[in-house]
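We have chain A already, so just place chain B on it with the hints.
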Amino acid sequence: MVDVQFRFRNDEAVNDPAVTVDSFGEQSNASAVRIEPGDDARKLLPFLGRLKLIEVNFPAWTDGRGYSSARVLREAGFEGELRAVGDVVIDMLSHLRRCGIDSFAPDHALNEADAKAAFDRWENVYQAAADGRDAIWRKRHG
Amino acid sequence: MYKYDQYDQQMVDTRVAEFRDQVRRRLGGQLTEEQFRPLRLQNGLYLQLHAYMLRVAVPYGTLNSAQMTALGDIADKYDRGYGHFTTRQNIQYNWIKLEETPDILADLAAIEMHAIQTSGNCIRNISSDQFAGAAADEVVDPRPYAELLRQWSSFHPEFLVLPRKFKFAVIASETDRAAMKLHDIGIKMVKNAAGEVGAQFYVGGGMGRTPMIAPMIREFVPLDQLITYAEACLRVYNRYGRRDNKYKARIKILVHELGKEEYTRQVEEEFAHLLGQDIEPPIAELERIKTHFTDPAFEVGAPDDLDLTDPDFRLWVERNCHTHKQPGYSVATVSLKPVGGIPGDASADQIRLMAQLAKDYSLDELRVTHAQNIVFPHVRKADLYTVWKALDEAELSTANLDTVGDIIACPGLDYCSLANARSIPLAQKISQAFGSAEKQSELGELKLKISGCINACGHHHAGHIGVLGVDRKGVENYQLLLGGSEGADTSLGQITGRGFDEDGVVEAIETATQVYLSNKQGEERFLDTYRRIGMAPFKEAIYG
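Just so you know, the sequences run in chain order A and B.
So the first sequence is residues 1366 to 1507, counted in my numbering.
So the second sequence is residues 331 to 874, counted in my numbering.
For reference, chain A alone in the conformation it holds in the complex:
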C-alpha cells in the first residue's frame, strides 16, 4: 500500500491492491493493476470497464515511458483513478497531470508548497493532451 499525497478526484480513494499486468489476465476479479515501464498499456484496454485503479510506476523519474502509458489509457476512455507511484518528483507533476494522471503517491513525500507551485505553474499549454485543457492554438483560433 502506498500513501497518496495528492489526488484530483472527488470519488472515494481506491485502496485495492494492484496486481501486475502479467498476472492481471488470470485474476478476473482484480480491480487494480500496476503498469511497469516495459508493460504495454494497450494490453489492458479490453478490461478498462472493471478497473478502478491503474498505477503507473516510475522506478526512476528519468524513464518517461509511463507518460505514454497514461495517455494511451486516457485516450482509450479510461475514467478510473490513474496514479503515479515510485520516484515521482516535483518537476514531473504538471506534465503527469497533462498526461491524465490524477493521483500521486511518491516514494518520498514532496514539499507541499513546492508541489502546489508546480501544479499551478503553467497557465497555458502548447499542446492538446489528456487533461482536456485548451491548447494555445485553440485559444488563438477558438
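Careful, some of the hints might be misleading.
Computed cross-link-like contacts, SDA-like style, restricted to lysine to any residue with a CA-CA straight-line distance of at most 20 Å [as the list claims (entries may be wrong)]: (1) A:Lys-1504 <-> B:Arg-618; (2) A:Lys-1504 <-> B:Leu-616; (3) A:Lys-1504 <-> B:Val-342; (4) B:Lys-495 <-> B:Arg-367; (5) A:Lys-1481 <-> B:Leu-369; (6) B:Lys-711 <-> B:Phe-643; (7) A:Lys-1408 <-> A:Thr-1385; (8) A:Lys-1504 <-> B:Tyr-337; (9) A:Lys-1408 <-> A:Glu-1440; (10) A:Lys-1481 <-> B:Leu-361; (11) A:Lys-1408 <-> B:His-603; (12) A:Lys-1408 <-> A:Ala-1441; (13) B:Lys-495 <-> A:Trp-1426; (14) A:Lys-1504 <-> B:Thr-621.
If you are wondering where the hints come from, they were derived from the structure by calculation, not from laboratory data.
Below, chain B without anything else, positioned relative to chain A:
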C-alpha cells in the same frame, strides 16, 4: 520573422520562473546535483570541465539585430566577452555561474529568446536551412513549419524524458544545407503532383558512435496532419526505444533494429489512432505563423551590378556570397573561421557589429549556420562592398566558406567533460597549415570536420575529410576519415587506418590533399575524386 504573442511570451516567462525555482532548490540543498542534472540540462545548462556552459536556442537559426545585440551583451555581462556558435545553429557561453543563470534567462526572455530544451533527453531546438526565405531554390520557406514544431515540442508533456536526445531539421530545397538526413527526424517540405505542400519524413538518422542516414518513411504528410504524424513517430520511440544502454537509445537504433518497414507500420498504426484524438492545430494556426515569414520589404529594381575591382572583395564575393531569389540582392556569409582562430567563436564586439550591419544592410535579419558561421540573408548588392569593408575592419572577412579553412569543430577537451581529445588546437593548426588564399583556392570545396570524441558533435562522419579524436592509453590520438558528406548526397566517411598524433594527422591531411590534386579531373572537388578513385590510393600515400 516570428514575433511572440502574449502566449509565447508568457510561456518563456513561466520557464524563467520555473528555472529560478529549480536553482533555488538546488542552492538550498533540496535537490542533489544528481536530481538537478536532468532539470538543468532541459534548460541547456551543462557542467563542463571548468564552469557551467549555457546553450541558448536560436530557433531554426534565425535572429533579428536586437536579439543578436543582446547575445553580445550577455557575453560581456555574464561570460568572458565571447560567444560560441554551434553546429545546431545555437549559441553557447562557456563561463557561466549557476546563480546567474535565471537572470540570463530573464534577459533572453525580454528579447523573445530562451534556452528551453537545448539539451537533455527531449526534443531539441528545431534546425533548418540557413538560407530559408532567401534561397533561389526553395519550394516554400521551411521556417513556419519549424515554428509550428517548436511550439508543439516545447514542454510536450509526454516527450520530456525520452530514451535519448531528439533532433529535428526542416528543409524545403533540393540542396540540403541542414544535414537533414543526419537527424532523428528530418523533414523535407515538398509539393505533390496536385501542387499541394506537404512534409516528407526521414526518421532515424544521426551521427555519434553509430552513424546512420535516415530512411524516408513517409513521402507526403498533408499539412493538416503534420503534428499528429510527428506525435506518432515520437510515441513509438518513447514507448519502444531502448533504455538499457545509452549508446543504443537513439531512435536510429530502434529504426535499425525493428527495420524501417516495421517501425513505419507501428507509426502508421499510432497515427491512425491519434487522428481521432483532435491534437492537430488548425490550418489557421499555420497561416497565422506564415504571416510572420512573408518577404521583407525588398527594394524593387535594385541593381545587380557589382564592382569587383578590389581583388580581396572579389575573392570574398566568390567564396562567401550566394544567389538570392530577389534580383539585386545577395546572401552573404560571415566566416567565423579566421586563420588560426577557434571555429564558431565571436567576441561580444563582433557579435554587436554583425547585429548593427544586419540592421543597416540585411533587413534586420541574421542566421546561424550549422557550419558555425553567420549569414546576412538579404544584402543589396549595392551595399555589399560597404558591408565587406566593415567586416574586414573587425577581422570578420575571411573568404573561406566551404573550403578547408572553414572547419567545423566541437569544443573538445578544452571545455567538454565527455571529450577524449582536444579539437580546437588541432583546428587551429590545420587552419594555419592550409590557411593561405592560394592553398584554399587550389583545393576548392573541401569540408573538414573535427570531433573530440565519438559523440560526433563536430560531425566528423559527414566531412569530406573528418577527424575523430580518441584516447589511446591516455594519449590523444586522431583518426582520419575520408568521403563523408552532409548534403543531398549524404554519405558517411570511412576511416583510413590507424590513428596519428596531432602533427601526424596534419601531415596525413596534407598527403590526402596531394593525392586529390594529382588525381583530380576537370572541375572535380576532393569528394568527387575520392568517390571516383576510392580509398586505396589515399591509404597507400598516407601509410606507404
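Hints and how they fare:
1. A:Lys-1504 <-> B:Arg-618: This hinted pair holds, its Cα atoms lying about 13 Å apart.
2. A:Lys-1504 <-> B:Leu-616: Judged against 20 Å, a Cα distance of about 14 Å means the pair holds.
3. A:Lys-1504 <-> B:Val-342: holds (18 Å)
4. B:Lys-495 <-> B:Arg-367: Given pair B:Lys-495, B:Arg-367 holds - Cα atoms ~15 Å apart, limit 20 Å.
5. A:Lys-1481 <-> B:Leu-369: holds (18 Å)
6. B:Lys-711 <-> B:Phe-643: Given pair B:Lys-711, B:Phe-643 holds - Cα atoms ~12 Å apart, limit 20 Å.
7. A:Lys-1408 <-> A:Thr-1385: Since the Cα atoms of A:Lys-1408 and A:Thr-1385 sit roughly 12 Å apart, the hinted pair holds (cutoff 20 Å).
8. A:Lys-1504 <-> B:Tyr-337: holds (9 Å)
9. A:Lys-1408 <-> A:Glu-1440: holds (14 Å)
10. A:Lys-1481 <-> B:Leu-361: Between A:Lys-1481 and B:Leu-361 the Cα gap is close to 17 Å, so the pair holds against 20 Å.
11. A:Lys-1408 <-> B:His-603: Answer holds: A:Lys-1408 to B:His-603 is near 16 Å, not above 20 Å.
12. A:Lys-1408 <-> A:Ala-1441: Holds, because 12 Å separates the two Cα atoms, which is no more than 20 Å.
13. B:Lys-495 <-> A:Trp-1426: holds (16 Å)
14. A:Lys-1504 <-> B:Thr-621: holds (18 Å)
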